[in-house]
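Participant: Here is how the chains run, residue by residue.
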Amino acid sequence: MVKLIGAVLVIVSGTLFGFYQAAQFANRPKQIRAFILALQRLETEILYGFTPLADALGKIGQQLTDPLKSIFTEAARRLTDHRSSVTAQESWQFAVEEQWKHTAMKQSEKNIIYQFGFTLGTSDRNDQIKHIRLAINQLQHEEAAAQNEQGRYEKMCRSLGLLAGALIVILIY
Amino acid sequence: MKSTTWVSIFPSSIQELLSKLPEPILDRIEEVRVRQERPLELNYAGQFHYVSRRGVLTDVPHEGYRPTREDGNRLLDFITNHSLYTMEEELRKGYITIQGGHRIGLAGRAVLTKGHVDHLRDITSFNIRIAREMQGVGDSIIPYLLDFRHQTVNHTLIVSPPQHGKTTLIRDLARLMSTGQWRHPEAKWKGLKVGVVDERSEIAGCMKGVPSFDVGPRTDVLDGCPKAEGMMMMIRSMSPDVMLVDEIGRPEDAEAIREALHAGIRVIATAHGGELEDVLRRPVLNKLMSDELFQSYVVLRRSGRGMSRRFYDARRRLLHPDGLAMKGGGMDG
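From first to last, the protein sequence lines stand for chains H and A. The first sequence begins at 1 in the working numbering and counts up by one. The second sequence begins at 1001 in the working numbering and counts up by one.
To be clear, the hints were calculated from the coordinates, so they are not data collected in a lab. Note that the structure is a prediction, hence the values are computed from the model and not measured. Glycine residues also receive a C-beta, built at the ideal position from the N, C-alpha and C atoms. Some clues are possibly wrong.
Said to hold, decoys possible - Label pairs and their in silico Cβ distance ranges: (1) Phe-118/H / Ser-1308/A: 48 to 58 angstroms; (2) Ser-1239/A / Asp-66/H: 21 to 31 angstroms; (3) Phe-118/H / Leu-1261/A: 51 to 61 angstroms; (4) Ser-108/H / Glu-1016/A: 31 to 41 angstroms; (5) Asp-81/H / Arg-1200/A: 25 to 35 angstroms; (6) Ala-145/H / Pro-1061/A: 55 to 65 angstroms; (7) Lys-110/H / Ser-1239/A: 51 to 61 angstroms; (8) Asp-1118/A / Leu-134/H: 55 to 65 angstroms; (9) Gln-62/H / Leu-1280/A: 52 to 62 angstroms; (10) Glu-98/H / Gln-1047/A: 44 to 54 angstroms; (11) Glu-98/H / Thr-1005/A: 52 to 62 angstroms; (12) Ser-1140/A / Glu-97/H: 53 to 63 angstroms; (13) Arg-1028/A / Lys-110/H: 42 to 52 angstroms; (14) Lys-110/H / Glu-1089/A: 29 to 39 angstroms.
Only chain H is shown next, with the shape it has when bound in the complex:
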């Protein structure tokens, strides 16, 4: 009886782990896509709205859902906090570091977004737009790669989890 319950637990946890991995593969391109859209919104705010960075980031953050939301709102919060004198670069990069673990995105996207922080707010509109477009472009490549991976690994992960659970049960039974 105990053995049976144990076997079920192993299979269930194996399956859940498989599903979790699959979800990570499915969420990654979605989040990259959402990030691209957010950057495009930032472009509009800068190009047409002349919106100060803190306001722009806050506004965009409000329209997003977590986990991306907290990257933007956290960066905006640091910029508007008068006691902490941080630059735009520092607050952006800090927010990315802090919130990244909650996303399904990987190191390559992180590098792009982190790099983007170096020029944030420090040049004229044309230059800002160029850097935003560059980041968008790079992210689009990552998105394509992520979609590719999703197609390849998502289903596999799901069945692999169940099968791995079953394998362990068979081996120790």
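Based on these hints, arrange chain A on the given structure of chain H.
Facilitator: Same frame as chain H, now just chain A:
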């Protein structure tokens, strides 16, 4: 302390040095000059000093603290509110006004488009001019500018060299006229509608359209607007009784002043110059003056002992400082 909130715009390395200075000096600082890799300079009470690495004043340049590239970048980030791209117009003109009405002059490398300055890059020199509200500087001047017959003020030109208190004075005049404090026993009329065309955000120090300084309850400020265009807009839209503008000198400014005159609006303007003769040498102002458009002139001069001022009438005759305005009606035309 409220009067030194401007210190917080500096990167922490410079903030630390400034905070070590004695309070009386900190309260009197007029300019802080930050130049990358060159000693940090302070100007107060007409003198200049460097600030050493230990936070004491020195006159020896090589003892001074030298702001690094990082300091410069951080300062620029703070004063542009982390958004340099919102300051394109300011970068073209070469200065930024920050919260509190402080003005920061910039120098670096100019980027040209079609032969005109498009913006500045590699900004390495900052001149932070601390704006201070000095209520009361206009008290002794306003009685000389009164027009008793029309219960208003004269068309006035205020002349002074840079850094001698022109802007501080017209800010205070705006407040006095707006509240109706004429500082004269016979002047009993109420406050006037005052329009301020504040091209460089210095007079009212507006942040998001709201004045940082007290410019009076009946004062409208057109912030960041080119003077000539601003004056015309004010005339058309805000029906001011008195209009104040800083640093006139271009032909279109004169045009707008004439327009205001014909609309029955009194104008108080300022111009750079040490003496009336200096101003007369500038063609545009010369024309306005020889047409006797201004009814009074005030010439300011600040020395170590304080501020001196002289008054002239429409024909540029020196008025004796006492008694004149007290006669009542003596200042007409």
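Participant: All the hints need checking, so say for each whether the structure fits it.
Facilitator: Each hint tested on the structure:
1. A hinted range of 48 to 58 angstroms holds for the C-beta pair Phe-118/H and Ser-1308/A, which are about 53 angstroms apart.
2. Between Ser-1239/A and Asp-66/H the C-beta distance comes to about 53 angstroms, which lies outside the given range of 21 to 31 angstroms.
3. At roughly 54 angstroms, the beta carbons of Phe-118/H and Leu-1261/A sit within the given window of 51 to 61 angstroms.
4. Range check, Ser-108/H to Glu-1016/A: Cβ separation about 40 angstroms, and the 31 to 41 angstroms hint holds.
5. The given range of 25 to 35 angstroms is respected by Asp-81/H and Arg-1200/A, whose C-beta atoms sit roughly 29 angstroms from each other.
6. At roughly 56 angstroms, the beta carbons of Ala-145/H and Pro-1061/A sit within the given window of 55 to 65 angstroms.
7. Judged by the Cβ atoms, the range 51 to 61 angstroms given for Lys-110/H and Ser-1239/A holds: they are separated by roughly 59 angstroms.
8. Remark: the range hint 55 to 65 angstroms for Asp-1118/A to Leu-134/H is contradicted by a beta-carbon distance near 22 angstroms.
9. The supplied range of 52 to 62 angstroms is met by Gln-62/H and Leu-1280/A, whose beta-carbon atoms lie about 59 angstroms from each other.
10. Between Glu-98/H and Gln-1047/A the Cβ separation comes to about 47 angstroms, which falls inside the hinted range of 44 to 54 angstroms.
11. Separated by about 29 angstroms at the C-beta atoms, Glu-98/H and Thr-1005/A break the suggested range of 52 to 62 angstroms.
12. Taken as a hint, the range 53 to 63 angstroms holds for the pair Ser-1140/A and Glu-97/H, whose Cβ atoms sit roughly 59 angstroms apart.
13. The hint said 42 to 52 angstroms for the Cβ distance between Arg-1028/A and Lys-110/H, and at roughly 50 angstroms that hint holds.
14. Under the hint 29 to 39 angstroms, the C-beta atoms of Lys-110/H and Glu-1089/A, about 36 angstroms apart, fit the expected range.
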